[in-house]
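Use the sequences and the hints to build the structure in full.
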Amino acid sequence: MRLCWYWEIMNMAEQNAGKKGQFPGGQILDFERPLVQIEQQILELEHQQAVTGRDCTAEARELRSTLVTLMKKTYSNLKPWEKVQVARHQKRPQAMDYIQMIVRDFCEINGDRQFRNDKSIITGLGRLAGHKCMIVAHRKGRDIKEKVECYFGCAHPEGYRKALLKMQLAAKFHLPVVCLIDTPGAYPGIGAEERGIAQAIAVNLMEMSRLQTPIVCVVIAEGGSGGALGIGVGDRIAALEHAYYSVITPEGCAAILWKTAEMAPKAAECLKLTPKDLKKLKIIDDIIPEPLGGAHRDPSVAASNLEHYIAESLTRLKRIPTEKLLQQRYDKIRHLGEFFQSGSAATPVKTKRPAALTLPVTGGPVFQSQAVRV
Amino acid sequence: MGKKNQQIDNIQADVDTKKTQTAEVRKVDVPQGLWMKCDKCGEMLYRKEFEENLHCCIKCNKHYRVDARTRVEQLVDPGTFDERLADLTSTDPLEFKDRISYKDRLAQVEKKTGMKEAVIIGKCYIKGRPLVLGVMDPFFIMGSMGSVVGEKISAAAELACEEDLPFIMVTASGGARMMEGMVSLVQMAKTSAALARLDDNGGLYVVVMTDPTTAGVAASFAFLGDIIIAEPGTMIGFAGPRVIWNTVKAELPEGFQTAEFMLEHGFIDRIVDRHDLRNEIARIIDYCGK
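Top to bottom, those sequences are chains A and B. As numbered in the working numbering, residues 1 to 374 make up the first sequence, in order. As numbered in the working numbering, residues 375 to 664 make up the second sequence, in order.
It is worth saying that the hints were derived from the structure and are not from the lab. A hint or two may mislead.
[Said to hold, decoys possible] Covered stretches of chain B, going by a simulated chain A footprint (3 or more residues, C-beta under 8 Å):
1) 468-482
2) 520-527
3) 552-558
4) 565-577
[Stated by the list, open to error] Below, a list of computed lysine-lysine pairs in the DSSO-like style, where the Cα atoms sit at most 30 Å apart:
5) B:Lys485 to A:Lys266
6) A:Lys332 to B:Lys497
7) A:Lys259 to B:Lys477
8) B:Lys623 to A:Lys145
Cβ coordinates follow ideal geometry from the N, Cα and C atoms, glycine included.
This is the structure we're talking about:
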């Protein structure tokens, strides 16, 4: 099987990182170079101390504090494209890592009962902070064999059908659903089209909007388009601090609009794909903080933040009666997006009132962030 | 990093050239003028006759793309279309700007197509049967779905629900509208949720897929129809053929991602000629409508 350009880039990045080697974070991103330099200086000092016996503790301490300051500065001002790179970092914890860290007694259940078991989506029962729940998550794979097995986290239709089947099972037994999203997108292949990838995702969107149990979705790294949304409809949607969620990959967007993938950084900026922007646009509800320097530098801290968020969300959502929960979910989804009503030019007026009441008497435009009734 | 970038560029350049080599040239614009040439069979067509033939080739019956207003004229009983929410326009939530800004792009397209957005919805009659109709325009930024399209379709589904009418949706779209970013992606969820309500209410939802019905639109309201019919030769699929080619690097099967292919694989109910659409919709409403 040949891989698409995206995966070739990922592989290449890995090979490069392998050559350059010793950095504890693994792959070195461009903006991390100054940080790496300081880390190397610290290592050298420690080495000198060990060899010559000269006391370098003070110098090392100073360097460490510079490192922390610089790291804070770098990571709090990441550009969108840099965020994308962090989200794709080869050492970034994957769903399986989080499951191992925070889910007790994980019992994987497999298969869509129709075609085959898609390994790019893991489904299973488990206990998360005391809540029995159904975990549905993308799996990207660590080594090359595993990656090929689960198509680098790109699920086939059977993956989405398996996810839905398990979610419906959860609803039957009143278990909440937790979705961990990490995919570049649904798999673009002949088999996927033949088996109706579009239909599989469409049905998931529809059924998740009315699934009779709480659903919490977290984008843990990459949220790639329809492939991510296919398990991403729920009562609470969150993203880790250095994750991204986008309608199209920046490379894909650049290739279409600028005719070159080189413009990917610019496209990333335009697409407003960072958690901060997404929260402003009300696409996600919350941002889950990551440890300094990204989840890959301290996976256990990231995992514990994630656990805390999910546990808190589940506790709250489980208290709401199902009917009310579904109404809230519907209202939330129904109000996504914004538009002007009545086109004549003038300054738009922002309003939160229902549309039926705000129909312009004077003919001026009305800004809508709410559902309209026909 | 420089070397890596170089490598990435090389790969991308490579991919791009292959793309252009393999990309099937799809003519979407029907040339203006008195006469036109069918790009399937080469027949010279007199434009007026072609239009009277519902924008299909007189010789080979190739179905050309039709703009939304014309489609409504072709489908509904004359003078019965009562358009709703015609005044919704995009707010440009991302303040998106590539080579030109999204606002300018919208203005350009509005001037070119005379449409405010890529979909029109309303109440109408087809062969005397009342229904809610939504029609997408493939010429308005490829019929792509942004906030307004999502809102109108959801509102139409709710209207059908409230008034107990069947909802007929004529799809023609390249997918989610990139220039509205994630706001456009979540419209997939929004339309699907509204259709779930219609479904819960026992309402009939019929989808008529027309060229092209792909990506985000295929993966939301287009494939949720109780009955899905398609025009012959319609392109239906999720990923674009080029993207798939780049992944599998192999020849795509003959007729891949066409209506005929989807029928064979069990994902649509019927392929219906444009000339029979009115009859077919009326027949389905008689069987399934309330």
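Here's how the hints hold up against the structure:
1. Chain A is given as covering the stretch 468-482 of chain B, and this holds because 5 residues of the stretch bring a CB closer than 8 Å to a CB of that chain, at least three being needed.
2. Counting residues of the stretch 520-527 of chain B whose beta-carbon sits less than 8 Å from any beta-carbon of chain A gives 5, enough to reach three: the coverage restraint holds.
3. Beta-carbon proximity to chain A at under 8 Å applies to 6 residues in the stretch 552-558 of chain B; the threshold of 3 is reached and the given coverage holds.
4. Only residues whose beta carbon comes within less than 8 Å of a beta carbon in chain A count, and the stretch 565-577 of chain B has 8; three or more means the coverage holds.
5. A C-alpha spacing of about 28 Å is found between lysine 485 of chain B and lysine 266 of chain A, which places the hinted pair at or below 30 Å, so the restraint holds.
6. Simply put, lysine 332 of chain A and lysine 497 of chain B have alpha-carbon atoms about 27 Å apart, close enough for the 30 Å limit, and the pair holds.
7. With a C-alpha separation of about 21 Å, the suggested pair lysine 259 of chain A and lysine 477 of chain B falls inside the 30 Å cut-off, and the hint holds.
8. The hinted pair formed by lysine 623 of chain B and lysine 145 of chain A meets the criterion: a straight-line CA distance of about 20 Å does not exceed 30 Å.
In summary, the structure agrees with every hint in the numbered list given earlier.
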